[in-house]
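If you read the sequences in order, they're chains E and Z. By this note's numbering, the letter at position 128 of the first sequence is numbered 128, and the numbering carries on one by one without gaps. By this note's numbering, the letter at position 177 of the second sequence is numbered 177, and the numbering carries on one by one without gaps.
Just so you know, these hints were derived from the structure itself, not from any lab. Careful, some of the hints might be misleading.
Since copy identity is lost for identical chains, a pair holds within one copy or between any two.
Derived pair list, reagent style DSBU-like, types lysine-lysine, alpha-carbon separation capped at 30 Å [what the hints assert, rightly or not]:
{"no.": "1", "residue 1": "Lys-26", "residue 2": "Lys-134"}
{"no.": "2", "residue 1": "Lys-164", "residue 2": "Lys-25"}
{"no.": "3", "residue 1": "Lys-134", "residue 2": "Lys-271"}
{"no.": "4", "residue 1": "Lys-171", "residue 2": "Lys-16"}
{"no.": "5", "residue 1": "Lys-20", "residue 2": "Lys-171"}
{"no.": "6", "residue 1": "Lys-271", "residue 2": "Lys-244"}
{"no.": "7", "residue 1": "Lys-192", "residue 2": "Lys-176"}
{"no.": "8", "residue 1": "Lys-239", "residue 2": "Lys-176"}
{"no.": "9", "residue 1": "Lys-171", "residue 2": "Lys-25"}
{"no.": "10", "residue 1": "Lys-26", "residue 2": "Lys-164"}
{"no.": "11", "residue 1": "Lys-25", "residue 2": "Lys-244"}
{"no.": "12", "residue 1": "Lys-5", "residue 2": "Lys-25"}
{"no.": "13", "residue 1": "Lys-192", "residue 2": "Lys-257"}
{"no.": "14", "residue 1": "Lys-176", "residue 2": "Lys-20"}
{"no.": "15", "residue 1": "Lys-239", "residue 2": "Lys-164"}
2 protein chains.
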Amino acid sequence: MKEIKLAIMGFGNAAKAFTKILVNKKRELEADGLYFRITAVSTGSKGNLQGANLLPEELLACLETHGHFRALESSLTGLSTLELIQQADYDVMIELTPLEIFSGQPAINHIEAALNRGKHVITANKGPIAWAYKELTALAQAQGVRFLYETTVMDGTPIFNLTKATLPYCKVTQIKGILNTTTNFVLEHLAKGEALDDVMAEGRRRGFVEADPSLDIDGWDAAAKLTALMNVLMDAGLKPTDVKRQGISHITEADIKAAQAEGKTIKLLCKGHIGQNGPEAVVEPVRIPLSDLYAAIDETS
Amino acid sequence: MKEIKLAIMGFGNAAKAFTKILVNKKRELEADGLYFRITAVSTGSKGNLQGANLLPEELLACLETHGHFRALESSLTGLSTLELIQQADYDVMIELTPLEIFSGQPAINHIEAALNRGKHVITANKGPIAWAYKELTALAQAQGVRFLYETTVMDGTPIFNLTKATLPYCKVTQIKGILNTTTNFVLEHLAKGEALDDVMAEGRRRGFVEADPSLDIDGWDAAAKLTALMNVLMDAGLKPTDVKRQGISHITEADIKAAQAEGKTIKLLCKGHIGQNGPEAVVEPVRIPLSDLYAAIDETS
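Extracted from the complex, chain E is given alone in its bound form (with noise of 0.2 Å):
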């Protein structure tokens, strides 16, 4: 059996379902021979824990149960995320702290200091592959350890595994998309002749509406995401701030029903390639027509 030290950093939504999925996936990883023991977790507002085997069902039990961790009084420590980082006992480090998309930060310092002392790192958060891209790869590969971040965009598609794991000799030439939920629910729901405010508070009930949804509406969470697949998957070397873009902002009922009156819709398209003058990263609305494919992807989809 080989055992697995995890320390988890960041505790919400990704983290719960990634714990879940030990829980569940359990014994197919253990007929495989994998054993995974969570030794640190940190978390915003909830408490940090560290422990030489802070069990699955007991966090997610005591989360569900109190909405924070100061339950598990035995493991419950002082240290702060960066120095359980630098301290705890483990052989992965999961970066799952909340996006900071103008800096990639606190999150690029979790995983330098994680890469410094040899631990392997797998990350959520698209602010280090869409900031620190390169010197994240070049500092895990002259250590020796794996830098990982397929969910980081298209979460459930694993965009950049396929890629790398199955088209060999093969380079990518461009990128077309919708790439983010949001803004793509409100562009459905207003073409519906339904009210922007109705539409938020909808998208807010379901979920993928944050509070403050500005970085969604004006484009940046995309502009972010094209960043990160430019740069994993071109070599780009872009910045979320080179990116050329137009959020949804100024779409007005006026232009929705003039893209529909040409048998069109209104999407939020993200459009990268490498042009002559080098990276080229575009996120605009755009109006396709109803018949083509980016027509059909909807709501979450």
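Please arrange chain Z on chain E, whose structure you already have, making use of the hints.
The following block gives chain Z in isolation, referenced to the frame of chain E:
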């Protein structure tokens, strides 16, 4: 430099495209320490070849100029395809002979013969995967060699490797898609009001409607592909004859107009899942709303 000797059985469009890749990617492959040497080639009617180093450039030029391999006199052999497989000196046998959809032969025999000699096998022929996936996979495993078949279904989309290499501990529970180009092309153009004869002529001109299109039109090609997908991804153990299959030959202009009146389009949809009574596989024309993703899968996409 690692030298890999290839026997290419069947030399139609797929083999030509593959041989061109060997030429075009030669430098990249050599930079990675890989050198490919073709040592045997068989064709249906253009002659069979055996040699220490049949250069890809010369094979392609010879076919281009003469339409057959008779000009490569010193390499011509009287050995049959199966004899070449049994006797030639190679590391990997690439099976590209034409599909025989109701038996998977003679490709299955070819693959068995190579595996029995302890040779690796790559095939683009879906027949063996639809009819003998389990047996061939077990034989390859017993012989300690690789049996690869990515391009048999959805060529260009790495569907099998995607699932195996990038979705560990995930289970495929359902397959749904449009798998046959000819019927998709025909249905789309019929929906535009074009006459069946004109549509078929255009498809033939563009190279994806066969002289005898009945295997496509009657849904057999789609059924074989669905079988291959379900056998590999769901361990379904199906034969193409197990698929509940309906083609598009009975579809009339009236059917198409009736669908359009409902805001729908007709597509030949393939669906598979493992139900309570075992695997269930269906290929049938279905009315699909125009806003649906499958409605946007047009022509050859």
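Status of Lys-25 relative to Lys-171 across identical chains (alpha carbons, at most 30 Å): between (35 Å within a copy, 12 Å between copies)
Homo-oligomer pair classification [Lys-244, Lys-271; C-alpha up to 30 Å]: within (10 Å within a copy, 41 Å between copies)
Within, between, both or neither, where Lys-239 and Lys-176 count as close if Cα-Cα is 30 Å or less: Classified as within; 18 Å inside a copy, 38 Å across copies.
Homo-oligomer pair classification [Lys-271, Lys-134; C-alpha up to 30 Å]: Only inside one copy: Lys-134 and Lys-271 sit 21 Å apart there, 42 Å across copies, limit 30 Å.
Alpha-carbon proximity between Lys-192 and Lys-257, which holds within one copy, between copies, both or neither at 30 Å: both (10 Å within a copy, 26 Å between copies)
Alpha-carbon proximity context of Lys-5 and Lys-25, limit 30 Å: within (16 Å within a copy, 42 Å between copies)
Same-copy or cross-copy closeness of Lys-26 to Lys-134 [CA-CA at most 30 Å]: For Lys-26 and Lys-134, the Cα distance is within 30 Å only across copies (28 Å; inside one copy 34 Å).
Intra/inter-copy verdict for Lys-25 and Lys-244 if alpha-carbon distance must be at most 30 Å: For Lys-25 and Lys-244, the Cα distance exceeds 30 Å both inside one copy (43 Å) and across copies (34 Å).
Copy assignment of Lys-239 with Lys-164, given that the CA separation must stay at most 30 Å: So Lys-239 and Lys-164 pass the 30 Å test inside one copy only (22 Å; across, 33 Å).
Intra- versus inter-copy proximity for Lys-164 and Lys-26 (alpha-carbon distance at most 30 Å): Cα proximity of Lys-26 and Lys-164: in one copy and across copies (28 Å, 20 Å).
Alpha-carbon proximity context of Lys-192 and Lys-176, limit 30 Å: Answer is both: 25 Å inside a copy and 28 Å across each meet the 30 Å cutoff.
Alpha-carbon proximity between Lys-20 and Lys-171, which holds within one copy, between copies, both or neither at 30 Å: Cα proximity of Lys-20 and Lys-171: across copies only (16 Å, versus 36 Å in one copy).
Hint 11 from the list above is the single one not met by this structure.
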